[in-house]
Amino acid sequence: MKGNNMKRMQKDKDMLEEYDFSKGVQGKYAKRYAEGTNVIVIEPDVAKYFPDHDAVNQALRSLAEIIKRQKGLPNKALKRTPKTAAA
Numbered sequence: 535m536k537g538n539n540m541k542r543m544q545k546d547k548d549m550l551e552e553y554d555f556s557k558g559v560q561g562k563y564a565k566r567y568a569e570g571t572n573v574i575v576i577e578p579d580v581a582k583y584f585p586d587h588d589a590v591n592q593a594l595r596s597l598a599e600i601i602k603r604q605k606g607l608p609n610k611a612l613k614r615t616p617k618t619a620a621a
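Take 535 as the starting number for the sequence shown in our numbering and just add one per residue.
Think of the hints as simulated: they come from the structure by calculation, not from any bench. Predicted model, so just to flag it, every value in this text is computed and none were measured. Among the hints, erroneous ones may be present.
Unchecked claim - Taking lysine-lysine pairs in the BS3-like style, the calculated list, with each CA pair at most 30 angstroms apart, reads:
id : residue 1 : residue 2
1  : LYS562    : LYS547
2  : LYS557    : LYS547
3  : LYS602    : LYS582
To be verified - Restraint-style ranges between C-beta atoms, simulated for each label pair:
id : residue 1 : residue 2 : range
4  : GLU577    : LYS605    : 25 to 31 angstroms
5  : GLN604    : THR571    : 25 to 31 angstroms
6  : LYS605    : THR571    : 17 to 23 angstroms
7  : ALA593    : GLU552    : 50 to 56 angstroms
8  : GLY561    : PRO608    : 47 to 53 angstroms
For glycine and all other residues, C-beta sits at the position ideal for the given N, C-alpha and C.
Take these sequences, add in the hints, and give me the full structure.
Printed below as a string of structure tokens:
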């Protein structure tokens with residue numbers, strides 16, 4: 535007999551027999567999925583200084599502003615001299 539050798543799949547208790555997809559929207563999250571993710575993992579020794587994501591973002595924005603200002607300076611102003619390196 536044809537079907538006797540096949541193992542029966544166990545029914546998942548969380549799955550219904552039938553789902554209604556008539557109100558579903560095709561590709562609703564496709565753009566977001568295609569864009570990927572921007573999750574960055576901060577190591578524990580650094581994370582202890584930032585209580586939440588807002589603190590991390592604020593610190594990074596401040597650092598970005600410093601970098602932007604430094605780029606406007608002539609190269610001589612950015613180089614360390616022996617006098618400033620020892621300070």
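(Q) Need the status of pair LYS557, LYS547: alpha-carbon distance at most 30 angstroms? (A) holds (24 angstroms)
Q: May I ask you to test the hint 17 to 23 angstroms on the CB atoms belonging to LYS605 and THR571?
A: violated (29 angstroms)
Q: Check the following: the C-beta atoms of GLN604 and THR571 are separated by a distance inside 25 to 31 angstroms.
A: Holds - the Cβ-Cβ distance for GLN604 and THR571, about 30 angstroms, lies within 25 to 31 angstroms.
(Q) Taking 25 to 31 angstroms as the stated bounds, is the beta-carbon spacing between GLU577 and LYS605 within them? (A) This hint holds: roughly 27 angstroms between Cβ atoms.
Q) Keeping to a limit of 30 angstroms between CA atoms, is the pair of LYS562 and LYS547 held or broken? A) holds (28 angstroms)
Q | Whether the CB-CB distance between GLY561 and PRO608 falls inside 47 to 53 angstroms | A | Roughly 51 angstroms apart at Cβ, these two residues keep to the hinted range, so it holds.
Q. Do the alpha carbons of LYS602 and LYS582 lie within 30 angstroms of each other, as the hint requires?
A. holds (27 angstroms)
**Q.** CB-CB spacing for GLU552 and ALA593 relative to the 50 to 56 angstroms hint
**A.** Roughly 51 angstroms apart at Cβ, these two residues keep to the hinted range, so it holds.
Hint 6 from the earlier list is the only one contradicted by this structure; the remaining hints agree with it.
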